[in-house]
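**Student:** Could you put together the complete structure from these sequences and hints?
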Amino acid sequence: MKRKVDYIFFITVLTLLQGFSQNDSITRLDEVIISDIKIKKFSEGYKVQNLSDSVIKRNDISLTSLLRYNSTIYFRENGIGGISSASFRGTSASQTAVIWNGININSQLNGQTDFNTVSTNNYDDIAIRSGGGSVQYGSGAIGGSVHLNNEFKFSNHFSNNFRISYGSFNTSKANYKVRYGNKKIYTDVGVDYINSDNDFKYLGTEFRNQNGAFQNINLNGSLGVFLSDKNLIKIYHNTFLGKRNFSGILSGTSISPSNDSYRDINSRSLITWKYFDKSYTSKLSIAHLHEMYRFFDNKDSDEYDFGKSNNLITKYEFLYRLNRDIQLNAIADYSFIQGEGTNFGGSQDRNIFSGVLLYKHSLGKKFNYGASLRQEITNNYDSPLLFALDAKFTPSKYYTVKINGSRNYRIPTYNDLYWVGPGGLGNPDLIPETSLQGELGQEIRFKNASLSLTAYYINSKDLIKWIPVSGTVWSPVNIDEVESYGVEIGLDYEKEWKNQAITWNNNYAYTISEDKERNKQLIYVPFHKVTSSMSYRYGCLSAFYQLLYNGPVFITTDNTREIDGYDVSNVGLVYTYLKTDTQEFAVNFRANNIYNRNYQNVGFRPMPNRNYQIQLTFKF
Amino acid sequence: MKLRSLFLSALTVGLLLVGCSSDDDGMPLPQGDFDNGILISHEGTFGGVTGTVSFVPEDLSAVQNDIYNATNGEDLGVFQQSIGFNGDLAFIVVDNANSITVVNRYTFEKVTTISTGLSTPRYITFLNDKGYVTNWGDTASSTDDFIAIIDLTDYTVDSTTIPVSEGPERILERNGTLYVSHKGGFGRNNVVTVINSADNQTQEIEVGDKADELVFDTVGNIWVLSEGHTEYDADFNIVDQTPGALVKINTTSNMKETTINFTGTDQPNLMTYNSGTIYYALNSEIYSMSETSTTLPTESIITGSFYGMEVNDNKLYAVDAGDFASSGTLKIFDLSTNEETNSMTVGIVPAKIYFN
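Chains as they are written, first to last, in our numbering: chain A, 1 to 620; chain B, 1 to 356.
Hints listed in this document are in silico derivations from the structure and should not be mistaken for laboratory results. A hint or two may mislead.
Stated by the list, open to error - Think about it this way: if two alpha-carbon atoms lie no more than 35 Å apart in a straight line, the pair counts; the simulated DSBU-like pairs of lysine-lysine are:
#1 B:Lys331 <-> A:Lys520
#2 B:Lys110 <-> A:Lys461
#3 B:Lys110 <-> A:Lys201
#4 A:Lys201 <-> A:Lys177
#5 A:Lys57 <-> A:Lys183
#6 A:Lys184 <-> A:Lys299
#7 A:Lys465 <-> B:Lys331
#8 B:Lys110 <-> B:Lys256
#9 A:Lys365 <-> A:Lys177
#10 B:Lys256 <-> A:Lys299
#11 A:Lys516 <-> B:Lys331
What the hints assert, rightly or not - To list a few chain B residues with every Cβ distance to chain A over 10 Å, as calculated:
#12 Ala325
#13 Ser326
#14 Glu339
#15 Ser343
Claimed, not checked - Chain A stretches covered by chain B per the calculated footprint, using a threshold of three residues with CB under 8 Å from any CB of chain B:
#16 55-68
#17 497-507
#18 553-560
Backbone N, C-alpha and C fix where the C-beta goes; we use that ideal spot for every residue, glycine too.
**Tutor:** In structure tokens form, the structure reads like this:
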């Protein structure tokens, strides 16, 4: 049993670089560090972008902000702190899956994850997997999936990390995480808090953001125990408690005041038992996902609308290594979901059983391919047979080609199926949205730089759309067909010399996403998005500059009206006083929207003007 | 203060009188770019499109979209509910913005925006030097609905309001009495409130569920169209469904005079009236009936699903809001043949039609 820490780190770093390691023989060690191993093992022909710890720490703690400035994913954010949804490769908000330690956590009620409820502080590893992933990750992995992973480090250590910050609009944040580990046990506990008045000025008007205050708490904990050399138990937990007022909108020359308040709880627990053998690994997981929201139309009143769901997932995975080159993974998964809410009448149950087969074959060191299938059985609708094929070819250490094709789906949500309320009526006869898609990617690596070029095509049909069925009642139907295609370019540069280092990361996405009936670009999908961030370190001082350009988006389906494009730049300065290997003190100053751009990313909702934040970090 | 408002009202009345007398001699000249034509009020969308007003000249030669922004360089907000006209002024009611923007109805130049004292305003009518505005209040509360009273001399909202039951919608005035239909907001209601403007005393007349449009007939009685109500349980079974109703209220006695009930699941909407004929929409068809009829017509005159409709000069004007996220259409039908004569693209979510 070699649980050599240094070696483990070495592997982690290597895997971050993508595509080199075909070290299947060291599965075990790899596993010790990162839980969601499938993302690497069975996604070789896909574009996977890992966001390093330094990138995560440099950015604001909301997942929206991290991904907005560091990936090609486009966000529709109802102002800072409001609901935030992703559009990945021109797909809809419910076509991006968020995977927490291997479990799909998209809401059963609306099919989405609110990216403003995820605190990046809680995760050690955040990865973006582009393209279809429904076979492995289930409903919604059409545009792609975002993976949030907690690491378990089985080595002797005890560390504390405390961060506190204060900034504009009376925004305070605090984060504390303690970790302890030895060769047999690893545990961590973290708490994360943010509170903001969020009353920024609407540039060019006399108004401020009204009723925008929010307060979020995230609680996190992990525990891993090696019962024996062959048995590992891992427990994960995360609870999000949000209390957010939803701000009014700038409507004409006045603001439409709001008195809304939204309180939500998202709680996730997962326990896995893993058994390792020479030729196989067996893993049993039981997860419980709980979501609950209360919407107060008047925050001073006790009356609210609510929705909640409980999802109990039992999952068994069996990974079999036939030989050095061939691996087979079989997964059986059963979900029992119970949902209820003001607008669902009584309680509604859903049972979903799915079976998955994953196969991977390496032909020498330069070529490997994979094939996989998923079939789901549920009492609510007929589910299509899903498949995925991928291949990776690395003819030289400078060049890699990746190719994949897959069929994916997005199941109807509780809102789609069961909504009974003023103005809306669900449709129990809906079927899942399906997509057929393919992607071709190339990566070129130089000494200090790497370039990736990816082209993709997605044809989605039976898209669920709410349409007016009478003058006042809207109902969802499987009607739309959308064709999305585009190009993504990534350019990274990294150089280190003496006591200096420079990194420069760039992303560009060109996205066409057209409604097949009208042949028009979908609303809220920009043709162009650019992110660029540069950081420079000199000794203990480092500085960064971050730029986002978001092209104009249409806001009407006939493309007659649009919201202007915008660019936003942020800068930061970090002074790190490194006392010892285990102790650290850092001061971080950050200025956002330094050019004071007046922009909106959702209509009627101005985004914050120039703002500042100072943060202190202690590690001991 | 009192003297000042007396003076201002005298001045207003004086100006109106001047306006009338000049109308009397000879051909009236166009009083602005938007005289002699149709104004279309658009609601806008929650996805970021403001409410707008389009102008279509009488000869239907072209559509001018968003004339408010073109004239004043600013937006009206969402959702633009209705426009009320008083003298040379148009009052644009925007419910979510809690505002009423006052413009010259012919030039569309802004006079002022009233943005305090209103809470989800819906429709406006006028009496003497006052404007009466229906307000839903907080849409979650069924007990805070009211009629706001605007002083037209200084465009302020009186601190005194007239409390009414859930979801007041249309409002008309006759002989000092105000009639308010109650569609019920996001809840449910089935009455017309009658308000004596002298003492603001109210009484309710029960009509059908979701009372919406109000029109005067030839003799000045009021017809009200109730759309009917549907309620579902969790399994999509209809647990309660009422059909629509047409009710005539005698404006002298303020009593119901005629009730014509729709049958089964028929839930009509979009009633309008012109020269002795009532028009309404039902199940994607448009029907017409004489105001003297006591039974509903069985044959429709026009087929189509619309979001707003008006009749003028033997023509029926109807707007289609499409998918509520793209440019809508104005269609014009000749009522002698019931054939469509014109179709033109207008703004985003067209809802109300006014003849200027």
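**Student:** Compare the structure with each hint and give your call.
**Tutor:** Quick rundown of the hints versus the structure:
Distance restraint check for Lys331 of chain B and Lys520 of chain A: the Cα-Cα separation of roughly 24 Å lies within the 35 Å cut-off, and the hinted pair is therefore satisfied. Among the hinted pairs, Lys110 of chain B with Lys461 of chain A is inconsistent with the structure: their alpha-carbon atoms are about 47 Å apart, more than 35 Å. About 26 Å separates the Cα atoms of Lys110 of chain B and Lys201 of chain A, which keeps this hinted pair within 35 Å; it holds. Taking the CA atoms of Lys201 of chain A and Lys177 of chain A, the gap is about 34 Å. The hint holds against a cut of 35 Å.
For the suggested pair Lys57 of chain A and Lys183 of chain A, the alpha carbons sit about 27 Å apart, so the restraint of at most 35 Å is met. A hinted pair counts as satisfied when its Cα atoms are at most 35 Å apart, and Lys184 of chain A with Lys299 of chain A does not qualify at roughly 49 Å. For a cut-off of 35 Å, the pair hint linking Lys465 of chain A to Lys331 of chain B stands: about 26 Å separates their Cα positions. For the proposed pair Lys110 of chain B and Lys256 of chain B, the alpha carbon gap of about 41 Å is over 35 Å, so the pair is violated.
About 40 Å separates the Cα atoms of Lys365 of chain A and Lys177 of chain A, which puts this hinted pair outside 35 Å; it is violated. For the suggested pair Lys256 of chain B and Lys299 of chain A, the alpha carbons sit about 41 Å apart, so the restraint of at most 35 Å is broken. Note on Lys516 of chain A and Lys331 of chain B: the hinted pairing holds, with a Cα-Cα distance of about 26 Å set against a maximum of 35 Å. Residue-level check failed: Ala325 of chain B sits 5 Å from the nearest beta carbon of chain A, not beyond 10 Å.
A beta-carbon of chain A comes within 10 Å of the beta-carbon of Ser326 of chain B; the shortest separation is about 4 Å. At the 10 Å boundary, the C-beta of Glu339 of chain B stays outside the reach of chain A, the nearest C-beta of that chain being 24 Å off. Non-interface call for Ser343 of chain B relative to chain A: holds, since the shortest CB-CB distance, roughly 15 Å, exceeds 10 Å. By the rule of at least three residues with a Cβ nearer than 8 Å to a Cβ of chain B, the coverage given for the stretch 55-68 of chain A is violated, with 0 such residues.
Judged by the Cβ-Cβ criterion of 8 Å, the stretch 497-507 of chain A is not covered by chain B as claimed, because only 0 of its residues qualify and three are needed. Taking a C-beta to C-beta cut-off of 8 Å, the stretch 553-560 of chain A contributes 5 residues in contact with chain B, enough for the three needed, and the coverage statement holds.
Hints 2, 6, 8, 9, 10, 12, 13, 16 and 17 from the list above are not met by this structure, while the remaining hints are.
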